[in-house]
Amino acid sequence: MEKIDLTSDVAVSRIVYGMWRLADDADTSPAHVRAKIDACLAQGITTFDHADIYGGYTAEGVFGAAMREDPSLRDQMEIVTKCDIIVSAGRHSHRKVKHYDTSRAHVEASVDASLRELATDRIDLLLIHRPDPLMDHHETGAVLDDLVASGKVRAVGVSNFRPWDWELLQSGMKTPLVTNQIEISLGCVSPFTNGDLAFHQRQAQPVMAWSPLGGGALMTGEGRVQAVLDDIAQAQGVDRAAVATAFLLAHPARIIPVMGTNNLERIAKLSDALKVQIDRETWFRLYEAGLGQPVP
Numbered sequence: 245m246e247k248i249d250l251t252s253d254v255a256v257s258r259i260v261y262g263m264w265r266l267a268d269d270a271d272t273s274p275a276h277v278r279a280k281i282d283a284c285l286a287q288g289i290t291t292f293d294h295a296d297i298y299g300g301y302t303a304e305g306v307f308g309a310a311m312r313e314d315p316s317l318r319d320q321m322e323i324v325t326k327c328d329i330i331v332s333a334g335r336h337s338h339r340k341v342k343h344y345d346t347s348r349a350h351v352e353a354s355v356d357a358s359l360r361e362l363a364t365d366r367i368d369l370l371l372i373h374r375p376d377p378l379m380d381h382h383e384t385g386a387v388l389d390d391l392v393a394s395g396k397v398r399a400v401g402v403s404n405f406r407p408w409d410w411e412l413l414q415s416g417m418k419t420p421l422v423t424n425q426i427e428i429s430l431g432c433v434s435p436f437t438n439g440d441l442a443f444h445q446r447q448a449q450p451v452m453a454w455s456p457l458g459g460g461a462l463m464t465g466e467g468r469v470q471a472v473l474d475d476i477a478q479a480q481g482v483d484r485a486a487v488a489t490a491f492l493l494a495h496p497a498r499i500i501p502v503m504g505t506n507n508l509e510r511i512a513k514l515s516d517a518l519k520v521q522i523d524r525e526t527w528f529r530l531y532e533a534g535l536g537q538p539v540p
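Going by the working numbering, the first residue of the sequence shown is number 245, and it counts up by one from there.
Please note that the accuracy of each hint is not assured.
[As the list claims (entries may be wrong)] Below, a list of computed lysine-lysine pairs in the DSSO-like style, where the Cα atoms sit at most 27 Å apart:
{"hint": "1", "residue 1": "Lys-247", "residue 2": "Lys-418"}
{"hint": "2", "residue 1": "Lys-519", "residue 2": "Lys-247"}
{"hint": "3", "residue 1": "Lys-513", "residue 2": "Lys-247"}
{"hint": "4", "residue 1": "Lys-418", "residue 2": "Lys-396"}
{"hint": "5", "residue 1": "Lys-396", "residue 2": "Lys-247"}
Derived by calculation from the structure, the hints in this document are not laboratory data.
Modelling step: build the complete structure from the supplied sequences, incorporating the hints.
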């Protein structure tokens, strides 16, 4: 599988496996998590996307338990994680209100906690999870720079940032931000025209796409989008998920889909998206279905 370079020495797989629901699985044993990891690695999916908040601050530990049983896995993968969202759960159960914290103290504490939970000495890519209205871009930028300099973090980026949020944080940093993880799918097509993709494409910054299957709605619902997906999938011998993912892969902004499923069968088929042929007319057929109307 192709790798996408984020820096001169950090690259991610063209498709990323997401851990949002890892702790929600009925089986969170190290053996079952290892089976998911192996299913990904067998396809060349080497990048695993976490966030400290996933599973109420438990998902990183579920993954780390599998890593502790076989530390050799670490050198076969890239680990992504995120920080700055605080909710009343887990180690933050005493908190009274959901909020964001991009202060030096919180970012450093979050990174140290992620390193412990994930059973690793380094995070390949750290993302600030949500724009923080109280962010001091000089303070946040400086702590991100220091984390890279320390070796705890190899590269940094953001998630859910608009272009102006990106530019504000970047202005307080020496280290380049390398990616923005935003929602993009056939159920969320606004980034194609609202300036988000154009901003990053102009600067040759790959974009990661969370919820590329619309939170599963594209796979289970019935409607115009699903009918088009089924038609193309049947013609090419794949399933809806492969076509919906290929739609994103075909875009010149180098969108990196972050795929989340606990089903081993579906994990084993994630790379089927690479088999799908999406020409310009097919892409616009899907886009039109996502828009719910012909393009202007």
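Outcome of the hint check:
With a CA separation close to 25 Å, the supplied pair Lys-247 and Lys-418 stays within the 27 Å bound. Note on Lys-519 and Lys-247: the hinted pairing holds, with a Cα-Cα distance of about 16 Å set against a maximum of 27 Å. Taking the CA atoms of Lys-513 and Lys-247, the gap is near 18 Å; set against the 27 Å cutoff, the hint holds. The suggested pairing of Lys-418 with Lys-396 holds, with an alpha-carbon distance near 17 Å, which does not exceed 27 Å.
Restraint check for Lys-396 and Lys-247: satisfied, since their Cα atoms lie roughly 22 Å apart, inside the 27 Å limit.
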